[in-house]
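**Q** Residue strings, one per chain:
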Amino acid sequence: MEKMTISQKILARHADKEYVKSGEIILADVDLAFANDVTAPIVIKFVNDLGGVIADKNKIALVPDHFTPNKDINSANQCKIMRDFVKQNNIQHYWESGEVGIEHALLPEQGYIKPGMLIVGADSHTCTHGAFGAFATGMGSSDVGFAFATGKSWFRVPESIKFIINGKKNKWTTGKDFILKIIGTIGVDGALYKSMEFCGSAISELSMDERMTMCNMAIEAGGKNGIIAADETTINYLKERNITNFEIFYSDEDAQYAKVFEFDASSIEPQVAFPHLPENTKGISEIKDDIKIDQAFIGSCTNGRISDLRVAASVLKNNKVAKYVRLIIIPATVEIYRQAMREGLFDIFLDAGAVVSTPTCGPCLGGHMGILADGEVAISTSNRNFVGRMGSPKSFVYLANPAVVAASAVAGKIIDPNEVVK
Amino acid sequence: MIIAKVWKFGDNIDTDLIIPARYLNTSDEYELAKHCMEDADPDFVKKAQKGDCIVSGFNFGSGSSREHAPIAIKAAGISCVIAKSFARIFYRNAFNIGLTILELPETDKINEGDILEIDTQTGKIVNKTKNETYQATPIPQFMQELIESGGLFNYAKKMIQKGV
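Order-wise, the sequence lines are chains G and U. Here my numbering runs 88 ahead of the position in the first sequence, where the first position is 1. For the second sequence, position 93 (counting from the first letter as 1) is numbered 82 according to my numbering, and the numbering increases by one without interruption.
Read the hints as simulated data drawn from the structure, not as lab findings. Take these hints with a grain of salt, some might be off.
To be verified - Sample of chain G residues facing chain U (criterion: CB under 10 angstroms; computed from the structure):
#, residue
1, N162
2, I169
3, R244
To be verified - Below 30 angstroms or equal to it, Euclidean Cα-Cα: the simulated DSSO-like pairs (lysine-lysine) are:
#, chain 1, residue 1, chain 2, residue 2
4, G, K175, U, K146
5, G, K175, U, K151
6, G, K370, G, K482
7, U, K73, G, K482
8, G, K159, G, K133
9, G, K145, U, K151
Glycine included, C-beta positions come from ideal geometry on N, C-alpha and C.
Construct the complete structure from the given sequences, taking the supplied hints into account.
**A** And the structure:
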């Protein structure tokens, strides 16, 4: 039989086929379909117009994370549509403000994501969950409504690109820098329609948090999904959540790849993506000019997890946010929020003069909790820096890892963490 | 057959340009239409007439999965989007909601204001202003079937009726 990549294998399994080839269109069973407060109203309309049929309530989730706690009247109404649907249909997988977290941090943390699953979400960063060796991809609301109603979705089987990263990473380099380096190398459409497979010794050494960061930004290269095969690290993370029933898939030894890229981890320094595209990257040491900032944001589905907050705290300790600069820190889930608080990270954040907020996507997409004015500059741990992303179309967003963002908040300009850490 | 006046855009027209997130607190198509392409060109909705088309470069619709993006374009009266390439989630969403999209590598040859005659079945595009003809990639078989069954919603309806 022909060789298959991990992505092909998962798709084949869910389409009940022995083999699927690139370009083939299949109809496959979906293990989990979900939406958030911005995308759910259209999903719900689709389902209700079909007579309200839901294939399997255990395989859907609704996570109000984008414009919550309710940002304005319209957003409150969108959340109400979601809540009413949940109540009417007795849907268990729903979290209210006070319990809810950012979907792509909450779902793995709460044990909804397992290796080998086929996952679709009405959010482009659904690719995050490929960090668990699952096939996870973002779709529009109608497609997710289709999955809610029928339990299936159609897919065009993607070709794969392999990214091998070997070697040891340096002190301040993280999974965020790996993915920014990759996007900077191949461009924002460099992986268009393709599966991005990450492997190599440096990947094996990444924590689950950092793997999620990497897979999260596969979409920023145009990728259909990002994926890292499950290993000891994955199994241990799942064991801690009492999850043991799953099947691990691997790419065949000589599976076909459209392209293969190799990187040496030790040559990747912290990256900064300049406005207005995630591919516009430079290494931190290449930045010679003083780039003053008005706002720094640490959070989002990309970098709002406990390890991100710990790194930020290590930079902020005994430091203060620069005058006239806002540092906004948003833990991605309530569990992370609590843990950060218990570990004393909030004291460090508050002593530094940062804003600390309940979980929300908020400023990442220019929603609320930290919008930029005309001409303002922000540095952010989030995933996109398109024009107007964080507020005014006349503002500028730089992307970086939590250490660089924290250091820049202290310095009032984009800076290497080494220059700030006390 | 569509006859449309062209509004030209460049590469990487992302979903934040097409419909900024500050307007995502609604899914009402008429509201969304009012802000179509706002951060790419704030005057677009004032200038564009019903039936006009958008011609663009690489990676149109990149970024978010927001279906609001093709919805805003369609509700603004745009008949068709022609681009060198489309981001994949936007591509799916466009078909799902019935916005006609076509892939054409030579969009550089088309200027703003040109009048195009577009055959959506075959992908043949005639530039009446320049007297040139181009061949867009015909819509893939599966997408044609989706369109023929009346779009994703009707496809779902049939599946449910069949008891799938």
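**Q** List, from low to high, the hint numbers that the structure doesn't satisfy.
**A** Of the numbered hints, all hold.
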